[in-house]
Amino acid sequence: MRKFLQLVADHYFDPHFNLGPVHVYRAESILRQGPSVNPGGNLFTEYPYLKMDRLPKMELAYRNEMKPTPEDFRSFCHNAHCDISHRNCNIIDALDAMADKERTVTELSRRPATPEIREQIEENSRDKDELDKLLKRFYDVRGHRTVERILSDPMDSVMVDGVRLFTPHRQVLQAGHVLFLPAEARDNPSHSYAWVNGDFSRIVFSKEPPANKQVFKLKAVIEKALDKKRDVKKKKHTHPKL
Numbered sequence: 001m002r003k004f005l006q007l008v009a010d011h012y013f014d015p016h017f018n019l020g021p022v023h024v025y026r027a028e029s030i031l032r033q034g035p036s037v038n039p040g041g042n043l044f045t046e047y048p049y050l051k052m053d054r055l056p057k058m059e060l061a062y063r064n065e066m067k068p069t070p071e072d073f074r075s076f077c078h079n080a081h082c083d084i085s086h087r088n089c090n091i092i093d094a095l096d097a098m099a100d101k102e103r104t105v106t107e108l109s110r111r112p113a114t115p116e117i118r119e120q121i122e123e124n125s126r127d128k129d130e131l132d133k134l135l136k137r138f139y140d141v142r143g144h145r146t147v148e149r150i151l152s153d154p155m156d157s158v159m160v161d162g163v164r165l166f167t168p169h170r171q172v173l174q175a176g177h178v179l180f181l182p183a184e185a186r187d188n189p190s191h192s193y194a195w196v197n198g199d200f201s202r203i204v205f206s207k208e209p210p211a212n213k214q215v216f217k218l219k220a221v222i223e224k225a226l227d228k229k230r231d232v233k234k235k236k237h238t239h240p241k242l
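Residue numbers (my numbering): 1 to 242.
Wrong hints could be hidden among the right ones.
Straight-line distance between alpha carbons at most 30 Å, and here's what the computed DSS-like set of lysine-lysine pairs gives [claimed, not checked]: (1) Lys67 with Lys3; (2) Lys228 with Lys207; (3) Lys219 with Lys136; (4) Lys217 with Lys207; (5) Lys219 with Lys207; (6) Lys57 with Lys3; (7) Lys101 with Lys133; (8) Lys128 with Lys67; (9) Lys57 with Lys101; (10) Lys67 with Lys224.
Label pairs and their in silico Cβ distance ranges [to be verified]: (11) Lys217 with Pro112: 44 to 52 Å; (12) Glu130 with Val221: 40 to 48 Å; (13) Arg110 with Pro154: 24 to 32 Å; (14) Lys224 with Asp10: 33 to 41 Å.
Quick caveat, the hints were computed from the structure, so don't treat them as lab data. Beta carbons: idealized from backbone N, C-alpha and C, even for Gly.
Generate coordinates for the entire structure from the input sequences, incorporating the hints supplied.
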C-alpha cells in the first residue's frame, strides 16, 4: 500500500493521471482471515465481498478531488504520508507563483486605473505568462499542457477542460477548423464548439463558433464507435478499488 500511494504521488501531475476523487472511509468491523485485496487477475465474483445487509456503517474520514493544484497535491501527500519528488516540487512552486501573480493582477484591477497600477498589472501578467511558458517547456502537466502535446498525444483520447477529445477530433483541430461536439451541445452548451486560438496557445471552447472558420463534426456512427471502444478498454482495465 505504501508503494502504491507513493507511486500515485510521483505521477500526480502526469497528463493521463486519472485516479479521480479519493474518498477514504472509516468503518468498524471484524476482519476475517482470507485472501488479500486484489491478489491477482480474478473475476469480480471471486472476491470475498460483504453482503449489502452486512456492510459496516462508514464515516467519511478524508476527501480529495485530486485536481492538478498545489493544494490538492499537498493535502494528498500529507494525509498519505508520501514524499514529494524534486520534479513535483518544481511543478508546485511554479503553480504557486502563477497563482500568486494572478491574485495580484486581480487585486490591482480593483484599484483606480492609474499609470502606475496599469504598469504593475502588465508586469505581473508578463511574469505569469513567463512562468506558464517555463512550466510547459520543461514539464507536461495535466491542466497545463501545450496545444502541440495535446494534439500529438498518442493516446486514443485525451481530456481537455472536462471534454474528451478522440484522435479524429484532434485531427480537425490540427487542421485549423472548428469542431462541433453534439454531446457537449446537449449536456454542456458552453463547450459546444472547439478550436485552436490564433497564436496556437490554447484550445478554446464556446457556445458559438467563430465566423471565420469552417465547422466540422464527426459522423454519429464514428462517435458511437469511439465511445464503444473506450468503454471496452475501460472494462478490461477495471479492478477492485481499495
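>> Could you work out which of the previously given hints the structure breaks and list their numbers from low to high?
In response: 3, 9, 13
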